[in-house]
Amino acid sequence: MDPATKSPDQEAPTGLVVERRTHALSQLFKLSLVAIGVSCVSIIVGILVLVYSQRAGFPIVTGAPVWSGAAVLLTGILGVLASKSDVNYGSVPPPKARCLLMAHYIVSISCLSVCGICFGYSLAGLSVCREGDLQCGVNHYQEEILNIIALCVAVLMFVTAIAGSVFFCVYRRLFGLYNLRELLYQAKIADLEGRVRSLETSNNPEQQRFGGQYGGQYSYNSFSTPTAPPPAYSK
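Using the UniProt record's numbering, the first residue of the sequence shown is number 1, and each one after it goes up by one.
Don't read these hints as lab results, they were simulated from the structure.
All the given hints hold, so there is nothing to weed out.
Straight line, CA to CA, 27 Å or less: simulated BS3-like cross-link-like pairs of lysine-lysine:
{"id": "1", "residue 1": "Lys30", "residue 2": "Lys96"}
{"id": "2", "residue 1": "Lys84", "residue 2": "Lys30"}
{"id": "3", "residue 1": "Lys96", "residue 2": "Lys84"}
Required output: the full structure, derived from the provided sequences and hints.
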């Protein structure tokens with residue numbers, strides 16, 4: 001295939017683009033590791049809350065730190081997988097990289113509400129245990145400490161979910177994650193650029209001299225004055 005007519009996804013990216021993508025994915029990898037660590041702590045704390053919830057009621061037995069931690073854990077796993085994506089592509093990312101980055105963004109947005117619910121349940125559980133309510137069960141002191149830890153972990157998970165959402169908004173154009181209208185515009189621009197490059201490579205100086213640029217069979221020089229005299233007239 002002619003390099004001038006390559007599609008946008010077949011064009012090799014510049015060194016600066018590859019460097020920026022590599023740096024962005026390294027940041028995503030670090031963020032995902034933090035999310036995995038925080039989510040594991042949340043799951044462990046949630047399990048301990050349920051273990052000590054003897055004769056407890058709502059909201060102690062909701063297990064909010066467990067399922068909110070599982071959601072953030074999924075976000076971290078998707079982020080780690082997305083950080084291993086190939087960066088040597090044109091303006092259109094490979095389907096696998098696109099799906100992983102989009103899935104990480106969608107789950108990060110969902111975790112905002114999930115972590116908010118976990119924060120609310122943990123705060124309510126802490127309030128119930130401090131008041132000595134029967135809903136806290138028999139292990140008031142343990143439940144109070146665990147709900148304080150769950151409250152802090154929920155805040156950290158909320159921050160990681162915000163960071164994951166901001167990552168997509170900041171770097172989506174760098175990775176070629178456009179919407180449908182932007183994809184159409186990019187395709188039209190790439191097509192026009194390919195046509196211009198093909199015209200530039202085909203219109204060399206020799207073709208311009210002999211009229212090859214206009215596709216004509218004869219040029220101006222074809223109708224110039226002959227250099228030799230005409231033959232003599234004879235009857």
